[in-house]
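Hey, can you work out the whole structure from these sequences and the hints?
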Amino acid sequence: MRVSVRDLQVTYRAPGGLALPALGPISFEVEPEQFVAIVGPSGCGKSSLIRVLAGLQKPSSGSAYLNHQPIQEPSSAVGLMFQDSNLMPWRTVIDNIALPLELAGVSKMERRAQAADLIPQLGLEGFEEAYPGELSGGMAQRVALGRVLIQRPEVLLLDEPFGALDALTREQISLDLLQLWQQSGATAIMVTHDIREAVLLADRVFVFSQRPGKLIADVHITLPRPRHSDDMFNEAFGDFVRQVRAAIDRA
Amino acid sequence: MLANVLSYTLNKFISNEKYVLKPRRSVVRRYALIATPLTVLAVWHFITLLELFPVFIIPSPQAVGIKLIAVIQDGRLWLHMGVTLQEVLGGLFLGVSVGMILGYLIAHIPVLEDLLSPIIVAFQATPILAYAPLLVIWFGTGITGKMITGALVVFFPMLMNTIVGIRSVPENLRDLMRVSRASRWQLFAKLELPAAMPVLLTGLKTSATLAVIGAVVGEFVTANAGLGYWVKVARDSYDTPLVFVAVISLTVIALSLYGAVSLLERRLLAWQRRHRLVD
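So the protein sequences, as listed, match chains F and D.
First residue of the first sequence: 1, per the working numbering; consecutive thereafter.
First residue of the second sequence: 1, per the working numbering; consecutive thereafter.
Worth flagging that the hints you see were computed from the coordinates, not collected in a lab.
Glycine residues also receive a C-beta, built at the ideal position from the N, C-alpha and C atoms.
The following label-pair restraints were derived from C-beta to C-beta distances: (1) F:K58 - D:A122: 39 to 45 Å; (2) D:R273 - F:R13: 40 to 46 Å; (3) F:G16 - D:R274: 42 to 48 Å.
In structure tokens form, the structure reads like this:
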């Protein structure tokens, strides 16, 4: 699914009545099945962009489109992964993963079967009936990833999904995400603070400026796919990281 | 204003909840639980042996026991207990339902809070005993008046807990429901209700014991049956052992209700007792 954004602006109203521009104006096109990573200083409106694309927030001006249709409200074709795992603590792992299907009216047997199919790919075998309070941060994010993937989204929105994880867990879960995304054929837009993660996963890295966030660089990562953790030691990988780094420093 | 009264109410009762959720007690602590009532009974027995007070002030445990057996045999205990139990359950049901519905609406429609809080807080601040006679005038001397008295006492903590519970549902989870295109009903049944459940159950536990107070207050005003009425009648005829029997019966009702809600809580909140398996 193609994601396009035209002259999009998000402005917040401060308590004093002052207008606080958070994002834009910004325009870009993301081709179907492309993976875009967004990096930039904190408070540059990245999360606002994700919320607009998810249909959770109306832009102040301009528009965002899915296959040329303006985004007005949340769409079943779009999956959103939050900064924290955002699981329901009273639901087991499998019922958390199956939630979107449950809300769509899929029968209990069918949705549990589909969730069970995802469990091994997520590395959650044996934890089907565990509660979120029993999981580590990394596992909780895996459950959250499963919950997004089960609805087979055509657009995957990821708002710093691994920000709170330690480096090792983070790398492993990024690689798993890479594999699951490739199987899914979804367009992915991911906000991250980790440049190496951005380069490893993405086809394009968008660099945003300080608030109000504007697109100041669009770095095409031409590393071949499928990618592996070894790729991070390539010279080309290092060049891309430096290129993105330099763009951020200009931000 | 409402919010302040509310957090006070909440803090007052939230400590009870953790107690029930604790892991199993050690053997010593379980014996300790029985030891206290036994000690009280022994001290009571000892004091009456000394014959410091006349029987109509402190009757012996035996006198109370004999009275208890007598009223069980002539069926009066079941009669009065039955009446009070009906009043308590009716009042509880009414107060909890209205409190939850109104609390849910207030949690979602802030202007309702501004409109209603003067009335609600005034009702809560005025001692129920003061306006209970009015309720008798309006609703008669029968069971209904006591149910309404009970409902009014129960209503406030249930309302407060519902408001707190619904308002404390994490915004992120609301967003999740929105992106998953949940219906209004699904939002309530799959998110708001389970997320607010711990707070709602705390409110229900408070309400369960308050409903007993409400029913007894109603019976004290006017009644011709019920345990509260019985206490009054027995006191007027200096039948202190009977007062003891009636009071103990009320304790049994209150504790049973409290226990029932605690059991419900253990079942519904089982997930809270599960801790980390891995790191």
